[in-house]
Amino acid sequence: MAVDLNMNVLIVDDYATMLRIIKNLLKQLNFPNVDEATDGTAALNMLKLKDYGLIISDWNMQPMTGLELLKAVRADEKLKKIPFIMVTAESKTENVVLAKEAGVSNYIVKPFNADTLKGKIASVLGAF
Amino acid sequence: MSDPQTRSQAAAPGADTASLMAGIRDLSTYIAGMKREIANISPDQMKSTLIDPATNELDATVEATAAATNTIMDVAEKLMELSGQIPGDHGGKVMDYVTQIFEACTFQDITGQRIRKVITAMRAIEERIAGLAKLVEGVDLPAEAPDKPKLANPFDQSGLLNGPQMAGKGHSQASIDELFSSGS
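Residue numbers (the working numbering), protein chains in the order written: chain P, 1 to 128; chain F, 1 to 184.
This is chain F alone, in the form it adopts within the complex:
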């Protein structure tokens, strides 16, 4: 003898089929959307507009901190030499402060290693995305919704505010002074 729930399911087979069909339709829409998203990633464009500029920014960060650290060390080394000429306890104190400067400068090595890890992770993400995009290559996909908001690109130089420029890009203070005084 069947229980009441089994009897109810057996009595309404059409409702189950409709629900199943609706679920399959939802799933199909979801998969199509996912494929479209993957196809729209455009790995080459992502590499040239996001990954490469981001990597360059990180490289520039390492270079800038290295240059600043070397300047700090130049000064600290000069202070170290001078400390021997300072009479009394003061010379020793100056040397202690110089030691603290040297210790603090180790940050540059640590940040450099961390940034290199980030660059490696970004390259790995880039490869994975390219792999995903290849999976849906040639698949006929529905067009992207025209009103879909575009992702912000922090490296897009078309706006007014672009942050610090890479070495050799933008204006030096001298050329800005020149521009400024030219009256144009």
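Next up, chain P with everything else stripped away, as it sits in the complex:
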């Protein structure tokens, strides 16, 4: 099935610059509908108000981390099937294992490039 490029994508990061970078890279990948949140709590509120087809989140945020957001999403009956990509500088094995156990769809280590982002999105949504 073809990927709906018009789907709503939610990106979550406490660094405004990072949000801007990911948004621009998504724009280049032809995803025009991108919303931003600066922490897990704000993201969770947004997820309850609008339908999203993909979440791309940082891990290290306060007060609600990306991992906590992931767990909250997976615990919510309405949200649990949304693909969730973690984009983080945390690259230790235990981080990846924890995220995987919590149900992350894919994991990108910062710094990353556009090809990596595209490849990981394709791996969770299908080729586009």
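Keep in mind that the hints were calculated from the coordinates and are not lab data. Small disclaimer: the values here were computed from a predicted structure and weren't measured. Backbone N, C-alpha and C fix where the C-beta goes; we use that ideal spot for every residue, glycine too. Please note: incorrect hints may appear among the correct ones.
[Unchecked claim] In silico DSS-like pairs for lysine-lysine, Cα to Cα no more than 30 Å straight-line:
(1) F:K93 / P:K27
(2) P:K110 / F:K78
(3) F:K117 / P:K71
(4) P:K23 / F:K35
(5) P:K120 / P:K110
(6) P:K92 / F:K117
(7) P:K120 / P:K50
(8) P:K23 / F:K117
[As the list claims (entries may be wrong)] Derived contacts from chain F toward chain P, CB cut-off under 8 Å, selection only:
(9) A66
(10) N70
(11) M73
(12) E77
(13) V94
(14) M95
(15) T99
(16) F102
(17) C105
(18) T106
(19) Q108
(20) D109
(21) G112
(22) Q113
Guided by the hints, dock chain F onto chain P, whose structure is given.
Same frame as chain P, but now just chain F:
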């Protein structure tokens, strides 16, 4: 029957005692010196003259790189818009270059995280030093040698060369121009 070494030790008990006493004296001098060094650290002064200014410098570094990154991104976004109007392969090439600029800009997030780690480490060192200094508080210590060289303070503003100034400190180019043209 005792061996020759045991016999030798038994024959000269005074030498052993003198050596032991000398060792204790050395140790005592060493401990006193260490206590003096710890007492002279003066954590409050270290906080105000070294740790706080160093933290401010690092904060300013993060702010400056964030501002520069945003400027770069502003330009890259404008180029991205223009690339659609460029005919032929050139538009695609410009877009590829813009993508590389966006990718490179992720450095700001990484350096910001690294700098935050350094700030946290500095605060931890500050706490440990304060704890050590508290241990020797009130202990009567020998005075510091007067000829002991002082540690350099990179944030001491009394010299001529102080490096880049924090925002709001020092002169702006406009006020320098004013100073320069005033003839004073």
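We went through each hint and held it up to the structure:
no. : hint            : verdict
1   : F:K93 / P:K27   : 16 Å, holds
2   : P:K110 / F:K78  : 25 Å, holds
3   : F:K117 / P:K71  : 26 Å, holds
4   : P:K23 / F:K35   : 57 Å, violated
5   : P:K120 / P:K110 : 13 Å, holds
6   : P:K92 / F:K117  : 16 Å, holds
7   : P:K120 / P:K50  : 23 Å, holds
8   : P:K23 / F:K117  : 27 Å, holds
9   : A66             : 6 Å, holds
10  : N70             : 7 Å, holds
11  : M73             : 6 Å, holds
12  : E77             : 7 Å, holds
13  : V94             : 12 Å, violated
14  : M95             : 7 Å, holds
15  : T99             : 5 Å, holds
16  : F102            : 5 Å, holds
17  : C105            : 5 Å, holds
18  : T106            : 4 Å, holds
19  : Q108            : 5 Å, holds
20  : D109            : 5 Å, holds
21  : G112            : 7 Å, holds
22  : Q113            : 6 Å, holds
Hint violations for this structure: numbers 4 and 13, all remaining hints satisfied.
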